[in-house]
Every structure is written in structure tokens, then in C-alpha cells.
Amino acid sequence: AQSVTQPDIHITVSEGASLELRCNYSYGATPYLFWYVQSPGQGLQLLLKYFSGDTLVQGIKGFEAEFKRSQSSFNLRKPSVHWSDAAEYFCAVVPNTGNQFYFGTGTSLTVIP
Amino acid sequence: DSGVTQTPKHLITATGQRVTLRCSPRSGDLSVYWYQQSLDQGLQFLIQYYNGEERAKGNILERFSAQQFPDLHSELNLSSLELGDSALYFCASSAWMNTGELFFGEGSRLTVL
Chain A
1 AQSVTQPDIH ITVSEGASLE LRCNYSYGAT PYLFWYVQSP GQGLQLLLKY FSGDTLVQGI
61 KGFEAEFKRS QSSFNLRKPS VHWSDAAEYF CAVVPNTGNQ FYFGTGTSLT VIP
Chain B
1 DSGVTQTPKH LITATGQRVT LRCSPRSGDL SVYWYQQSLD QGLQFLIQYY NGEERAKGNI
61 LERFSAQQFP DLHSELNLSS LELGDSALYF CASSAWMNTG ELFFGEGSRL TVL
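One line per chain: the protein sequences are A and B, in this order. The opening position of the first sequence corresponds to residue 1 in my numbering, with each subsequent residue numbered one higher. The opening position of the second sequence corresponds to residue 1 in my numbering, with each subsequent residue numbered one higher.
Everything labelled a hint here was simulated from the structure, so no lab data went into it.
Listed next, the in silico SDA-like pairs over lysine to any residue satisfying Cα-Cα at most 25 Å (straight line):
#	chain 1	residue 1	chain 2	residue 2
1	B	Lys57	B	Thr5
2	B	Lys57	A	Tyr27
3	B	Lys9	A	Ser108
4	B	Lys9	A	Pro40
5	B	Lys57	A	Gly28
6	B	Lys57	B	Glu106
7	A	Lys68	A	Thr105
8	A	Lys61	B	Glu106
9	A	Lys49	B	Leu30
10	A	Lys61	B	Glu101
11	B	Lys9	B	Leu39
12	B	Lys57	A	Thr105
13	B	Lys57	A	Gln45
14	A	Lys68	A	Tyr50
15	B	Lys57	A	Ser26
Restraint ranges, calculated between C-beta atoms of paired labels, are given here:
#	chain 1	residue 1	chain 2	residue 2	range
16	B	Leu113	A	Thr55	47 to 57 Å
17	A	Ser14	B	Thr15	44 to 54 Å
18	B	Gln67	A	Ser18	42 to 52 Å
19	A	Ala17	B	Glu54	41 to 51 Å
20	A	Glu66	B	Thr7	38 to 48 Å
Stretch by stretch, here's where chain A covers chain B in the computed footprint (C-beta under 8 Å, at least three residues):
#	stretch
21	36 to 47
22	100 to 110
For every residue, glycine included, the Cβ atom is placed at its ideal position computed from N, Cα and C.
Work the whole structure out from these sequences, hints included.
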């Protein structure tokens, strides 16, 4: 079945530590890939997106993501986490055969001082 | 500010009632998407409109309906409300019919008592 998987429901990191949030998908050809962030009480904000080309994508707030076709993954990274990064992070996929966004279940990030 | 406006921000109503949620997309965006976010179901796609026409349907109940008006704003109508309909309802807009990126409103929180 087609799906978007974020295997980590909740992650806790110390401020200043590095971060990697995982996302795997099971769609056919390379889909369009997105990472969104949702702060408490807010809507979702786009962090970055991948359509084609360079597999390492830079986004806002110092985030980056790497598309790995062989692993069907699009993991989100940040070298040094700030307390303000505490939020819910969603991976999303748009299959190139359609137009619907499919969201993962989200990863909740807690940042400790 | 994403440019997507949703009203009301909060709504409390009783079971069996009907409510209407309103969404104004970003200026120039032709696509409007509706999502339901609840703790146990995550972010669920409900329906998409493009330039006034229904484009895609997701997990939308028959008790729910939506439309997009000529001025491109959209309304989501929820009727015969049940306790389980309590959720955060997001509207998102996009410039394109397919792909592109979604810009989310801050959501309408519906509580059914």
C-alpha cells in the first residue's frame, strides 16, 4: 500500500545537538517531497521541498533534507537545534501520478536546555 | 503569515448541529484543500477544489460537504455533528492544480459537546 512513514513519533534532543527526522515513502516513481513544521496552535509551514535535481535540499530555519532514491527516504536534518525548533514535523508526498498530498503521522520534537 | 485566512478560529457546538467553516486562499491561488487533524487520525485529506470545481476527494464523510465560490473562497459544511468530529480543520491553498506547495491557514478548532 502507498504510504508515508515517519517512524519516530516523538524525539527529544538537547539544544545545540544535531537532529535527524526520518521519512520513508512507498510510492512508485520519485514523488514530490516536502517537510512541514507545525508550531503549537499554528498551521503548517513549509520548511523545504524536493521536486528534482540536487538531492540535498536547503530550507528555511537552517534545515536541510536529503532525498535517497535507493532508500525511498527524505530525512530532515539540522546541525544545531534551537529551543524554538520544538514543534511537530510532517513529511508529505505528492505522487507524480496524482495531485494529492499525503502526510506522515508527524514527529513531535522536544528540545531540552 | 501564510496569507490563508480561516474563520472561525474556535467553534463549540452540540451533537446533531451543523456548522460552516470558511477559508480565503492566498491571493491568486486557485486550489483549496481541506484537511482534518485529530489526535488519533493525524492529518487527513478531505477534499480539494480547483477554480470552483471539485478536483479530488479524500476521506470526507457524507455528512460533510464543501464548495469553492467564484471569488475562490471555500466553505466546509459539517452537519449532524458527532463527538468524533471534534478536530482541527485546516484549509490550504496552492497556486496550481497539481503539486506546488501548500500554504496552510491557522485552522478552525471545532469542539462538539
